[in-house]
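Going left to right, the first sequence walks through residues 19 to 904 as my numbering numbers them.
Everything labelled a hint here was simulated from the structure, so no lab data went into it. It cannot be assumed that every hint is accurate.
Stated by the list, open to error - Listed next, the in silico SDA-like pairs over lysine to any residue satisfying Cα-Cα at most 25 Å (straight line):
(1) Lys-346 with Tyr-411
(2) Lys-842 with Arg-778
(3) Lys-109 with Pro-530
(4) Lys-243 with Tyr-411
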Amino acid sequence: MKAYDPHEIEPRLQLQWQESGLYTVDETSDKPRKYVLEMFPYPSGDIHMGHVSNYTYGDVVARYSRMRGFNVLHPMGWDAFGLPAENAAIKHHSHPAKWTYDNIDTQRASFKRMGYSYDWDRTVVACDPEYYRWGQWIFLEFWRRGLVERRNSPVNWCDDCGTVLANEQVIDGRCWRCDSEVQKRDLTQWYYKITDYAEELLADLDQLTGWPENVKQQQANWIGKSEGANVDFALVPLAETRSPLASDCEIGGDVVPPISCPAESGSGPQASGTNSDREVITVFTTRADTLFGCSFFVVGPEYEGLAALVAGTPNEADVLAFAEEARKVSAVERAQGDREKHGIFTGRYVVNPVNGEQVPVWVADYVVADYGTGAVMAVPCGDQRDFDFARKYDLPIIPIILSEDDPLYEQLKDQQGRVVTQVDWTEAYGAEGVLVQSGPYTGMKGGKHSPAEAAIVAALEAAGTGKRTTEYRLRDWLISRQRYWGNPIPAIHCPQCGVVPVPEEDLPVRLPEDIDLAAGETLATHAGFANTTCPVCGGPAKRETDTMDTFTCSSWYYMRYCDPHNVHAPFASDRVNAWMPVDQYIGGIEHAILHLLYSRFFTKVLRDAGMLDFDEPFTNLLCQGMVLDAHGEVMSKSKGNVVSPEEMIQDYGADAVRAAMLFMGPPDKEKLWNDDIVPSMMKFLNRVWRIVHDLVGKAGDDTLFDPQADASDVHTLAMAMKRERHRVVGKVTDDFDRNNFNTALAAIMELTNAVASFLRLRPADHRMACQTGGPLCQDVAETLVKLIAPIAPHMADELWQTVLGQSGSVHEQPWPEYDPEQAKADEVEIAVQLSGKVKARIMVAADADEDAAVAAAKEAVEAQLAGKTIVKQIYVPGRLVNIVAK
RNA sequence: GCCCGGGUGGCGGAAUGGCAGACGCGGAGGUCUCAAAAACCUCUACCUUCGGGUGUGUGGGUUCGACUCCCACCCCGGGCACCA
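Model the full assembly from the supplied sequences, consistent with the hints where possible.
This is the structure in C-alpha cells:
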C-alpha cells in the first residue's frame, strides 16, 4: 500500500481534471441544470480563510450536484475595479491593472490548488473592457428606461477616498472602506432610481423562501416602508400672527376654547387656513390619529423654505444662525441616536387642519432632512422625541391617547373642551390606546393603522388637506465615483446639447492606459480622455469623467457567466433564462444589503426591459459565517493572527484543509479556527485511505466469512457495516441537501468507524467461505469513496482510479443509492423510563409490537414497580417505553 | 428603543417533542517498539455515603416525556435607528 501523499496526488489530479475538461459545462446536455455560484472575490492579494470557507462550500455543493445527475454551472471571476488597486498603483508608481491582474493570477492559482471545480472558460473579470462595455450598455438601457438621473443634492463625501459614496456605503457616519468620517456636500451626481422599485424589492422578499430570515429582515429594514399620510398645515401669514415672541408661543392658558368640530358643525375636520392662496407646509405622519395632540410644529435645519419662512420675523437672524450651526454637526455625531435635542422658535405659526388651532413652528436638529418632507408635526403625548423636546423647551403636552387603565383616562374621557394638561409623565405614550380630547374621534381606538387613523386620514382627504402616502427609507443609489479605476459613465457634456448618452456603437468608453495616478492625474485632467465631440451636434464637448460604483459591476456578473463571450449583447436572454435564477448562491453576510439588494434591483429592471423571464436572481442563499481565530477575534494583519491557507496546504494538502473547514461547524455560523483541526482531518483522510485499501484487499477474497471460525462476531460486524453503509448514505445525502456539511462529514466518520471495527475483528489467518463477503467489501469501499468525493476530491479520485481500479473520474459517478430497509437492525436498544426518567435499557426486536416491548420493559424495572399502580404506558418504537406508575 | 440570531462538557459542536453530549479535538491509561513517532484499544459532564442524585443561561408553564413548545427575565453577537 502506497502511503497517502496529498502533495503528490493533488497537483497530478488537478492537471488531469483540467486536461480532460472535467468541469467544462456542456450546454447541449439534457441533464437538468443547476447553477451553483459563490460571490466573486475582489483581487486584494492572496486568498484568506474566508475565501477558503466560501469557495469550499460552493465546491462541495457543485460536486455533489454533479454526482446527483445535474448539469452544473459553477463559474468564477473577479470583481476587479476598486480603490485598493488605485492606491497600490500610486504607492508603487505603476498601473492599477498590473496590481489587479497580478493578484488575479495569484488567486486563480490558489483556487486551482484548492481543487475547486470551476469552468475556467467562463471567467469574467470586471475590469476587462469586454465586460465593462456591457456595464455601460446596461447604464444606457437604464437611461432609456428613465432610471438614470443626474441631480444636485447633499451627498456623502469621503475625503480619504476622494469620492462620494452611496447611502449603503456609509456605516455609522463613516466610510465602509476606509472608516474615515463622511461629510455632507452639495454635488451634482448620477443616480440609479432604485426607489422606483422599493415596493417590489420589499414585497418580493416573501418569495425568497430559500433566503436566511435575517438577510430578508435587514433588507426590509433598509427599504423601511412606512404607511401614513401627508398632512397640510397652512402657514399663518406674518401679519395675522397673534403672538410674535417665542416666550408666549404656547397655546395660551390652561384651557383652549372649545373648537368647532364635525360633531358640532356637521362637516369634516376644519379646513381653516387651507385656502389656495395660503402657503402650506406638508408633513408626513404615520400617526394621523394623534393630530389633536399636536402642540407644536418642527422643521429641520436643512428645511428648504426656512429662509423665506423666517424672513421679516424678529428672530430671523437667530434662527438662521441656529440652523447654520445645526447643519455643521457631523454625520458621525448625528448617527448617535439619543443626542440632546436643540431647537429655536421661528416666530411663525401653522394651522392644524383637524381643529384650526394655531401651533408654533420651531426649527430643531432632530428632524431628518431627507425623509418625508423635512418637517414634522409634534405630538409630545405620543412621541418620545417630541416629548423630550417639549419638556426641554416647556411646550404643552396634551394627552390625547391613553390606555383605558390609566386613571387620567377616567378624568378625560368625557372632557368636552380642550384641557392642556401638563402631564407628569416621564415618557410619551407610544402604544395603542383610546383617543380623548379628539373631537369626534374621542373614544376611538388609536395607533398605527388604527380605526382612528383611518378615519382622520379619510376626513383629511375629503377636506383636501391630506393624502394617503407611503414613505420609504431607501434612497436612490448614487452610482458616480470620482475615481479612475472604475467603469466610465458613458455620457458626454455638450455646451449645446446638454448631457447626452454615448451612442451604443461607440462603446466601450475605454479607460485610458497612459495615466499617471501617482502624479495626481485623473480622468478629468487627462486631456485625451476628457476632450471629445458631441455625438449629437458634432461640436467640441467634454466626456463625463466620473466612473461607476463597483457595485454596478457585481450587480449582473452572474448573468454574464451564462453567456460570457457574447460580443453582441451583455448576454443572450435564452442562455440566461436557461440557467437562472441561481439555484444556490453563497457569500458573506456583509453583502446582506449592498450587493444583494442592488442585484435584485438589476434583475427587476432587466426583466422589465424584456431581457429576463424571472423576478429574483438568487433562489437559495447561504450566508457563511466569518472565520475567526481561536479566541473569536477577526483575523487581521495588524493583530498578527492570520492563518494562511497557503501554509496549511503546504503542510497537509488541500483535501485536509477543505475537510477541516467543513467540519468546524454549520456554514452559516461563525467558525473559530483551531490549529489542531487540519492535522486531525489529515489523520482522518489517512484512515479512509488505509481502510479503502484494506477493503479492496478483501474484495477478491471469497473466503471472507468462514462459518468454521468465529463466524458470529465476523458476521455480526459485517452486517453492522452493511447497515451503517445504508444508514450513512441516507444521512449524508440528507445533510448535503441541506448544506449541513459538518454533520455529513461526521456521518462519514461513523461509517469508517464501522468499517474499521469490521476489519479489525477479522484476524488475517481467518479463512472463511462466503458468497457475499467480497462484493460487500467492494461496495462499501466504493460507497465511502463516493461519499467523500465532494469533500476530498483529490484523494477520492485517486482511490477511485487506482485502488478501486475504475475507469473515469469519481466526480462523474452517480451518487450512491441506499435502501432504508437495509439500514434497519434486527434488534435495537430502547430506553425504559419510569415517569419520564430513564431507569434501564433493554434490547428488543426492531419490529416488536407494543405488548412485547412493554412486557420486556416491565420485566427490566420490576423491582421499582413493586407496589405501584400503572397509570399509563407509552411505547415509541425503536426509542423507548415510558411507564407512568403511582 | 425596534428587528433578527444565539447561550449545551476542558474546546469545536450533535440531537423530526422521545436514551442530552453524535462526530472530532484535548486529556488519562494501555497495546506494539530497544526507544520514539505513527497506528490501534479502553476511559473521559458533574456530585455521590455507590443506593442513587444533578445537569442544555435564569424562573415559571404545557406534556407521560422539554435542549426542543409557551410566558417572563438575564447575558452575548448582528442589523436598523431622532425615519415622525
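The hints, checked one at a time:
1. Between Lys-346 and Tyr-411 the alpha-carbon distance is near 22 Å, which keeps this suggested pair within the 25 Å criterion.
2. Using a Cα cut-off of 25 Å, the hinted pair Lys-842 and Arg-778 holds, with the two alpha carbons roughly 23 Å apart.
3. Under the criterion of a C-alpha separation no larger than 25 Å, the hint pairing Lys-109 with Pro-530 is consistent with the structure, at around 19 Å.
4. Annotation: proposed proximity of Lys-243 to Tyr-411 is violated, straight-line Cα distance about 32 Å (limit 25 Å).
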